[in-house]
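> Residues per chain, in single letters:
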Amino acid sequence: MSAKFKTRRTLLFDPALLIEAAADSVRKLNPKTLMRNPVIFVTEVVAALVTLLWLRDYFSATGSPFFSGQIAAWLWFTVLFATFAEAIAEGRGKAQAAALRASRSDTMAKRLIDPQGRDHLDGVIENVNALSLNPGDVVLVEAGDIIPSDGEIVEGVASVNESAITGESAAVIREAGGDRSAVTGGTTVLSDWIKVRVTAQPGETFVDRMIALVEGAERQKTPNELALSVLLAGLTLIFLIAVVTLYGLAAYSGAVPSVVVLVALLVTLIPTTIGGLLSAIGIAGMNRLVRFNVLATSGRAVEAAGDVDTLLLDKTGTITFGNRMASEFVALPGVDSRRLAEAALLASLADETPEGRSIVALAKGDFGLAEPEVFDARAIPFAAQTRLSGLDLSTKSLRKGAVDSVLKFAGLSSEQAPPEFRAAVDRISRSGGTPLAVVETRNVQAHAVGADAVAFTESELLGLIHLKDVVKPGIKARFAALRAMGIKTVMITGDNPLTAAAIATEAGVDDFLAEATPEDKLNFIRKEQTGGRLVAMCGDGTNDAPALAQADVGVAMQSGTQAAREAGNMVDLDSDPTKLIEVVEIGKQLLMTRGALTTFSIANDVAKYFAILPALFVAAYPELGALNVMHLASPQSAILSAVIFNAIIIIALIPLALKGVSYRAVGAASLLRRNLLVYGLGGLAAPFVGIKLIDVAVTALNLA
Amino acid sequence: MTINGWLQIALVIGLVLIAARPLGLYMAAVFDGRRTLASVALGPVERGFYWLAGVSPEKEQGWLAYTGAMLMFSALGFASLYAILRLQAWLPLNPQGFEGVPPDLAFNTAISFLTNTNWQAYGGETTMSHFSQMAGLAVHNFLSAATGIALALAVTRAFSRGAAATLGNFWVDLTRATLYVLLPLSLLVALAFVATGAPQTFAGAVDAATLEGAKQTIALGPVASQEAIKQLGTNGGGFFNANAAHPFENPNAFANILQIWSMLTVSAALLVMFGKAVGAERQGWALLGAVGVILLSGVALVYAAETAGNPLLAALGLDPAQGNLEGKELRFGQALTALYVAVTTGLSCGAVNAMHDSLTPLGGFVPLFLIQLGEVLPGGVGSGLYGLVVFAVLAVFIAGLMVGRTPEFLGKKIEAREIKLAMLAVLILPLAILGFSAVAAVLPSALASLANAGPHGLSEILYTYTSAAGNNGSAFAGLNANTPWWNVTTAISMILGRFGYVIPVMAMAGSLAAKKKAAPSAGTFPTDGPLFVGLLVGVIFIVGGLQFFPALALGPIVEHVLMLAGKTF
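Protein sequences, first through last, are from chains S and F.
Position one of the first sequence corresponds to residue 1 (the working numbering), numbered consecutively onward.
Position one of the second sequence corresponds to residue 705 (the working numbering), numbered consecutively onward.
Don't read these hints as lab results, they were simulated from the structure.
In this text, all values refer to a predicted model and were calculated from it rather than measured experimentally.
In this text, a Cβ means the ideal position worked out from N, Cα and C, and glycines have one as well.
Treat the hints loosely; a few may be bogus.
Quick list of simulated restraints, FRET-style, between CB atoms [what the hints assert, rightly or not]:
1. S/Leu226 <-> F/Leu719: 43 to 53 Å
2. S/Ala619 <-> F/Leu1151: 21 to 31 Å
3. F/Leu1151 <-> S/Ala626: 21 to 31 Å
4. S/Glu519 <-> F/Ala867: 23 to 33 Å
5. S/Leu226 <-> F/Arg738: 33 to 43 Å
6. F/Leu1151 <-> S/Leu701: 38 to 48 Å
7. S/Leu49 <-> F/Trp794: 54 to 64 Å
8. S/Ala626 <-> F/Leu1034: 42 to 52 Å
9. F/Met705 <-> S/Leu29: 51 to 61 Å
10. F/Arg738 <-> S/Ser431: 34 to 44 Å
Chain F side only, calculated, beta carbon under 7 Å to chain S, not exhaustive [unchecked claim]:
11. Ile1102
12. Val1107
13. Arg1109
14. Pro1208
15. Ala1226
16. Thr1228
17. Phe1229
18. Pro1230
19. Pro1254
20. Ala1257
21. Leu1266
Based on the provided sequences and hints, a complete structural model is requested.
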């Protein structure tokens, strides 16, 4: 994942991409498409107007064609920079889309004419184009074939390479029935065969959606983006009123500025900065998600992720490693703990389960034991029936396993076990862990006088191994960060409340739902939502589907069932439930970037007034020069500098728009304080500096 | 500026703050329908009104029905007031035998009092009979104020309720605002005005012989009662043409303090009530804080500009120590005049105790700009509250995204629909003010009304439409507004400023009320701290005020720099 991340990062600065984006930005000047963005559309209209005025000035030799020509040029640049920002944001998704498209085209499907036919090889197959498949069709996919569409396996089992979607080349097993029955069009069957019932409409498969998404073709304005567009359109209208009416008011004062100058005033006042970068921010936000291998079915979901109040996290795999691991050896009195560790190690050598491996690892790690060389021994592998594993040596046998199985092996009833042993078992169970017992059985040869040697055995309980759910390192800090952001974490587990409480405390979650059934999850989500909170969760099984659909943000695992993937509004291609946290962060970052640039853009207006207003009327009222606090060289250079600043700031902020503002997991109050300082006050101050510097350059170059 | 002056200002502000909290909490209880001390006496009266009007007080209205009721009530009010003004010659209580008011002036005046503007294109004592003053104008002083409070209540409920389809009952809110708040307060304040020496009589004018032996007609009437509601209801329409500069309206310094106090207190208390109703009293104080920052800056600017005076006069040998005293009453002094000027325009009151036309350019810039900011400082009774809420919604939206969540104000998510409606409302003021001013500035028949040329004349035009659209009603003077063009266009501005503004706001309230109330968390944008106050001030200034700067640059601002350069108009 990280490798892929890097290769796509370099694409951002790929010269080929820049050239293509530049070409695209010119294509995007088409007023019909530009109308979606009122601020930039107005800029384009007035740019055209000033161009006409420049032509008039140029051919009639009136006015100042040098000045109006420069203003016209910079107005066009303003529009171009805005379309360029969008083009470059889109360009980053295009390479990926091309790769995806290759997997889809020219796929042929083997459709079963009679899906009920018992044998798949009996000649009732027709070859059709994958694009002509309809939901309900059943196709046969054999080793080496590309799966033609999304579907559900109805028969067979196969190993599938899903790297076209996930970038992960390890094969996965897909089989009919259960939670691993979904297959995705565009992935390849490596071995065996499967019959797949198609579930997607032609052109609406997962890959199709993915292509549309990364290309931005299906991009619709998200709710916040829409609201922001309305605000920007409103501000544009207000300033349009201010500038148009200025004509009448200035006429009264005998101070009518030229149309070129009024246009310059208008364009610098309307929020061109955020207007130009708005769609790029949205596209870049989606791309960030795609780079994290998470696919959102809508931009709405990405925004909702930023709003989430409650995170529902499955214990297993998210908070803890999937398996219980040995964490401690508890030796009984009189037993050296090193001896216990050695016995546990030997008894676990033949245990290939993760628990067994963890015991070996703990013994080696904590006691520095080397892998013992054992000769003349018989390994007893772990079996589900006996729930024991062990090693038979010539003189003794070692066993480790579930407490009752071990006691049975030792020939003891639970009452016969030493009290210290029973106390330790109780303690481990209460803390949410699982105790495993270790026993050593020695063969004792007793030689009675005048008789054959009698062999009997003698058992000694050595102690216990404490198996527990190991909480992932660092997860507690992440939950603390989430808490600081105002997000509550809730752990979902099938464990009993006692165990759940112990793990919840260790992981630092705010709440937990123990012995959770799918209905419990659904009810919990509803309860949270009634309380005015937005809920995010992830899941993969079919029984997760209702909860995924109910949650405001439902992240389905790519490895999950078709039902789960359809119920959620995001799919995680890596099937890593921990990513829910990143998804929330990406959502927040997207909103923050928009907010920061909006605030910056609006705050810029104050300085622009100080640049342009004195210049506007200084001809009629020379005394207004007192307001020229920046001491700009001349009225013309002041206006030109403001327009240039207005254009250049868009290009200067493109990296920020694409990258997103830096995000820190702190509370809203301190986030706001910091961002208001940087983007609010910064937005007030930056243009004073910028316009002054440009004015110095403009004057030095004799441009005005 | 003197320490003494600032202490006077602090005293008045202090008195307002002391009264605002108990009054705000009382209003929160009254409008919630809870029993208060007053309901013992007024409860039966209230129920009597409902019985008479056939209103069932439990039946609540959605935003559309609520707004519809308000519009119907206003239309009826307009018709009756217009009729009274036109027919006053045949109506009782007309000791001076005034003629009926001409159609365009009656239209303008009816709209003016209906919209709580109280723009007066006439001189009260020479145009209106006692009946017109009391049964016509004074009645609307109550009703337009009560209507404003009712609308503010509806907007408040949009935040205090979750997933609600209704915003209250207009008739109930209107009745309670009048009966429990405006009437009792007016009674108290009117008596206080009588105590300071304001006349309260049905007698007509008296003739007096002056020291020079000339005969002078001195108008009298029920002044004190009119004065009370004029201030409490932020109406501002004076009994006399000279308004609160007239010694009968505003007899002495104590009366002056009472005038400012009664203007500010109800609007300030409404913000406290808002906080209480939405379950966070701090929220009300935060809004009040933002208002205070801008208003006090305005006071300081007027005070500084007026005490600095006019360098041209100083050059002519006038004592500059007194500052600019032209158009001011010596008995009020510079400090309380500056406070009055800023407060009457920060509120949509429009009562004046000095001639705004005679303020220095910067001093005149302040009232003009404060009205243009949208009459939210703290605004007219009711209208100020809902105007402030619109700005708060915009402030939360603009900066709220910066905390990485869909912006929410008091648990209500701010989305495209709310922004659309809020922007529609905000658009009204520049449209009316700049639109009409730009036309008037080039229309010869309109320009004929101007008394001054140059930037000062432009200020007069701007001020007239600003005052009308902002529903303020104060006059810059120097402009003869009683012509058909001015009467009709200012009336349209007043209608736009009141109804064009409040209809989108009510639609926004309806949409907000229907939303679930989100639970606050550490990730929620805090809207009750100093950070939000600063942000709100910035947004009011940038979104509400910046668009007027090009126009202001040609008016008071250029006049100021010209004055410094030695030019006058």
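> Does each hint hold? Answer for all of them.
Cross-check of the supplied hints:
Restraint check, S/Leu226 to F/Leu719: a C-beta distance of roughly 47 Å satisfies the suggested window 43 to 53 Å. Evaluation of the 21 to 31 Å hint for S/Ala619 and F/Leu1151 yields a pass: the beta carbon distance comes to about 22 Å. Distance hint check: the CB atoms of F/Leu1151 and S/Ala626 are about 28 Å apart, consistent with the given range 21 to 31 Å. Taking the beta carbon of each, S/Glu519 and F/Ala867 are about 25 Å apart, inside 23 to 33 Å as hinted.
A beta carbon spacing of about 41 Å between S/Leu226 and F/Arg738 agrees with the range 33 to 43 Å that was offered as a hint. In this structure the hint that F/Leu1151 and S/Leu701 lie 38 to 48 Å apart at CB holds, the actual value being about 45 Å. The supplied range of 54 to 64 Å is met by S/Leu49 and F/Trp794, whose beta-carbon atoms lie about 59 Å from each other. In this structure, S/Ala626 and F/Leu1034 break the distance hint of 42 to 52 Å, their C-beta atoms being roughly 33 Å apart.
Remark: the range hint 51 to 61 Å for F/Met705 to S/Leu29 is upheld by a beta-carbon distance near 56 Å. Roughly 53 Å separates the CB atoms of F/Arg738 and S/Ser431, a value that falls outside the hinted 34 to 44 Å. A distance limit of 7 Å between C-beta atoms decides the matter here; for F/Ile1102 the minimum to chain S is near 6 Å, and the interface restraint holds. Residue-level restraint check for F/Val1107 holds (minimum Cβ-Cβ distance to chain S is 4 Å; threshold 7 Å).
Of the supplied interface hints, the one on F/Arg1109 holds, with its beta-carbon coming within about 5 Å of a beta-carbon of chain S, less than 7 Å. The closest approach between the C-beta of F/Pro1208 and any C-beta of chain S is roughly 11 Å, which is over the 7 Å cut-off, so the hint fails. Interface hint status for F/Ala1226: upheld, as the beta-carbon distance to the closest one in chain S is roughly 4 Å, under 7 Å. Residue-level restraint check for F/Thr1228 holds (minimum Cβ-Cβ distance to chain S is 6 Å; threshold 7 Å).
A cut of 7 Å between beta carbons decides the hint on F/Phe1229: the least distance to chain S is about 5 Å, and the hint holds. Among the interface hints, the one on F/Pro1230 holds; its C-beta lies about 5 Å from the nearest C-beta in chain S, closer than the 7 Å criterion. Below 7 Å, beta-carbon pairs count as interface contacts, and F/Pro1254 has one with chain S at about 5 Å; its hint therefore holds. Evaluation of the F/Ala1257 hint against chain S yields a held restraint, the C-beta minimum of about 5 Å falling below 7 Å.
Interface hint at F/Leu1266: satisfied, since its Cβ lies 5 Å from the closest Cβ of chain S, which is below the 7 Å cut-off.
Violation of the numbered hints given earlier is confined to hints 8, 10, 14; the remaining hints are satisfied by the structure.
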